[in-house]
Amino acid sequence: MEKTGLFGEFVKGLWKENPTFRIVLGLCPTLAVSTSVNNGIGMGVAATFVLVGANIFISLVRNVIPEKVRIPCFVVVIATFVTIVELAMKAYAPLLSRSLGIYVPLIVVNCIVLGRAEAFSSKHPPIRSILDSLGMGLGFTWALVVISFIRESLGNGTVLGFYINRSFEPALFMILAPGALLTIGILIGAINYFMSKRR
Amino acid sequence: MDLSVYIAIIISTVFINNFILSRFLGLCPFIGVSKHTGPAISMGIAVTFVTTMASIITWLLYKFVLLPYNLQYLRTLSFILVIAAFVQFAEIIIQKKSPALYRTLGIYLALITTNCAVFGVAILNTDMFFINNKAVAGSFFMSVLQGFGAGAGFTLAMFLMSGIRERLEFSDVPKCFKDAPVTFIIASLMSLAFLGFSGFKI
Numbered sequence: 003m004e005k006t007g008l009f010g011e012f013v014k015g016l017w018k019e020n021p022t023f024r025i026v027l028g029l030c031p032t033l034a035v036s037t038s039v040n041n042g043i044g045m046g047v048a049a050t051f052v053l054v055g056a057n058i059f060i061s062l063v064r065n066v067i068p069e070k071v072r073i074p075c076f077v078v079v080i081a082t083f084v085t086i087v088e089l090a091m092k093a094y095a096p097l098l099s100r101s102l103g104i105y106v107p108l109i110v111v112n113c114i115v116l117g118r119a120e121a122f123s124s125k126h127p128p129i130r131s132i133l134d135s136l137g138m139g140l141g142f143t144w145a146l147v148v149i150s151f152i153r154e155s156l157g158n159g160t161v162l163g164f165y166i167n168r169s170f171e172p173a174l175f176m177i178l179a180p181g182a183l184l185t186i187g188i189l190i191g192a193i194n195y196f197m198s199k200r201r
Numbered sequence: 072m073d074l075s076v077y078i079a080i081i082i083s084t085v086f087i088n089n090f091i092l093s094r095f096l097g098l099c100p101f102i103g104v105s106k107h108t109g110p111a112i113s114m115g116i117a118v119t120f121v122t123t124m125a126s127i128i129t130w131l132l133y134k135f136v137l138l139p140y141n142l143q144y145l146r147t148l149s150f151i152l153v154i155a156a157f158v159q160f161a162e163i164i165i166q167k168k169s170p171a172l173y174r175t176l177g178i179y180l181a182l183i184t185t186n187c188a189v190f191g192v193a194i195l196n197t198d199m200f201f202i203n204n205k206a207v208a209g210s211f212f213m214s215v216l217q218g219f220g221a222g223a224g225f226t227l228a229m230f231l232m233s234g235i236r237e238r239l240e241f242s243d244v245p246k247c248f249k250d251a252p253v254t255f256i257i258a259s260l261m262s263l264a265f266l267g268f269s270g271f272k273i
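Line by line, the protein sequences give chains A and B. Heads up: the first sequence is residues 3 to 201, going by our numbering. Heads up: the second sequence is residues 72 to 273, going by our numbering.
Derived by calculation from the structure, the hints in this document are not laboratory data. Any given hint could be a false lead.
[To be verified] 25 Å max Cα-Cα, derived DMTMM-like pairs, lysine to aspartate or glutamate:
| no. | chain 1 | residue 1 | chain 2 | residue 2 |
| --- | --- | --- | --- | --- |
| 1 | B | LYS167 | A | GLU69 |
| 2 | A | LYS199 | A | GLU69 |
| 3 | A | LYS14 | B | ASP198 |
| 4 | A | LYS18 | A | GLU69 |
| 5 | B | LYS106 | B | ASP250 |
| 6 | B | LYS106 | B | GLU240 |
| 7 | A | LYS70 | B | ASP73 |
| 8 | B | LYS205 | B | ASP73 |
| 9 | A | LYS18 | B | ASP250 |
| 10 | B | LYS134 | B | GLU237 |
| 11 | A | LYS92 | B | ASP198 |
| 12 | A | LYS199 | A | GLU19 |
| 13 | B | LYS106 | B | ASP198 |
| 14 | B | LYS249 | B | GLU237 |
| 15 | B | LYS249 | A | GLU69 |
| 16 | B | LYS168 | B | GLU237 |
| 17 | B | LYS168 | B | ASP73 |
| 18 | B | LYS246 | A | GLU19 |
| 19 | A | LYS199 | B | ASP250 |
| 20 | A | LYS199 | B | GLU240 |
| 21 | A | LYS18 | A | GLU120 |
| 22 | A | LYS125 | A | GLU69 |
| 23 | A | LYS14 | A | GLU120 |
| 24 | A | LYS199 | B | ASP243 |
| 25 | B | LYS249 | B | GLU162 |
Work the whole structure out from these sequences, hints included.
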């Protein structure tokens with residue numbers, strides 16, 4: 003692991019180990035909030051903040067936490083950062099907070115955050131952890147934007163609230179639950195196909 | 072508060088707002104553990120047990136600790152800790168009292184701590200059954216039923232999915248669509264079927 007450069011640490015989350023498309027983690031919020039690009043970006047930024055904040059903190063105290071109680075410790079740190087995001091969002095972006103609903107507190111149980119804390123930050127120094135979690139967070143964000151772009155444009159005929167083409171009859175199916183599962187299934191399949199072609 | 076409200080809650084959480092297929096809570100085990108029927112059902116039972124108990128515990132915590140002392144902002148932190156502690160506790164008790172049950176449920180219990188469905192149902196309960204920081208009438212039973220219904224809906228979806236996936240092993244799926252992608256596409260079709268329930272007004 004130590005052989006990868008600092009830049010490699012950052013980039014791997016964007017594509018090679020993309021949490022959504024390659025590792026298939028943290029799907030609950032991905033699918034639930036990706037009904038519009040706005041929500042997708044909001045969720046991505048919130049999750050990135052939690053990831054980076056929690057991972058810096060965990061990597062700083064990684065030598066102090068006893069091995070046996072590490073998971074509860076990580077969860078407390080993560081929950082603290084989630085609470086910060088929750089309250090900040092309620093104060094400064096009440097509309098976004100309402101449309102994301104229960105999925106903001108649910109960042110706590112997002113597998114990506116705990117997964118990175120356990121697999122990476124608890125073993126690496128802060129600088130590497132920051133780059134790693136930032137890469138993962140941005141990878142999560144762009145995945146969300148792609149999914150929500152597909153769903154919003156096909157299901158509502160809009161992108162970021164602007165109509166693309168008035169004459170296009172949107173397929174409501176895409177912004178309902180089945181559309182989310184179909185989109186991610188086909189996307190992961192397509193990415194697998196391209197990856198296998200390349201090799 | 073009459074009986075029909077309680078029945079409505081059960082039907083709504085199992086079919087209309089099925090936790091996996093329409094709220095997307097608990098997707099990780101849904102994709103990960105649904106390869107065979109046996110483990111899928113064990114997982115479902117374990118989740119049902121934990122969601123029901125978690126609903127009871129978090130309702131008590133919210134009503135008697137967080138609300139009286141104006142600590143609502145600690146909801147996320149305290150709920151996740153209480154749920155994690157409870158799951159650990161249940162694991163120890165089951166291991167001690169019933170080793171046979173532990174062998175079937177044990178590994179799943181550990182996974183449940185980070186299951187979105189458990190935490191999600193606790194958050195949903197406080198969002199739905201506490202209006203303006205006051206418990207609505209009968210909110211305790213409604214919370215418990217919602218917790219149970221969430222688990223039952225989860226079990227139902229797991230059972231259906233594992234049945235389909237067992238058959239799927241004999242069919243010729245394109246290589247790049249094996250495992251996760253095809254599971255999502257099947258889940259999408261199942262979700263479409265469950266969408267048919269959404270017209271019901273109870």
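Holds or violated: LYS199(A) to ASP250(B), with C-alpha atoms at most 25 Å apart:
It holds: about 18 Å lies between the C-alpha atoms, which stays within 25 Å.
For a C-alpha distance cap of 25 Å, please report whether LYS70(A) and ASP73(B) respect it.
Violated, at about 48 Å.
Given the hint that LYS199(A) pairs with GLU240(B), does the C-alpha gap stay at or below 25 Å?
holds (24 Å)
Is the straight-line distance between the alpha-carbon of LYS199(A) and that of GLU19(A) 25 Å or less?
holds (18 Å)
Taken at face value, is the distance from the CA of GLU120(A) to the CA of LYS14(A) at most 25 Å?
holds (17 Å)
Assess, step by step, whether the Cα of LYS168(B) is no farther than 25 Å from the Cα of ASP73(B), and give holds or violated.
Since the Cα atoms of LYS168(B) and ASP73(B) sit roughly 38 Å apart, the hinted pair is violated (cutoff 25 Å).
Tell me if the straight-line CA distance from LYS168(B) to GLU237(B) falls inside 25 Å.
violated (33 Å)
Holds or violated: are the alpha carbons of LYS18(A) and ASP250(B) at most 25 Å from each other?
Holds. LYS18(A) to ASP250(B) sits at ~19 Å (cutoff 25 Å).
So if I understand the rule, the pair passes when the alpha-carbon distance is 25 Å or less; does LYS14(A) with ASP198(B) pass?
Roughly 38 Å separates the two Cα atoms, so the pair is violated.
Quick one, are LYS106(B) and ASP250(B) close enough, alpha carbons at most 25 Å?
Holds, at about 9 Å.
Under the criterion that the straight-line Cα-Cα distance not exceed 25 Å, is the pair LYS246(B), GLU19(A) satisfied?
Holds: LYS246(B) and GLU19(A) sit about 20 Å apart, inside 25 Å.
Compare the distance between the alpha carbons of LYS18(A) and GLU120(A) with 25 Å, and conclude whether the hinted pair is satisfied.
Holds, at roughly 19 Å.
In summary, the numbered hints that this structure violates are 2, 3, 4, 7, 10, 13, 15, 16, 17 and 25.
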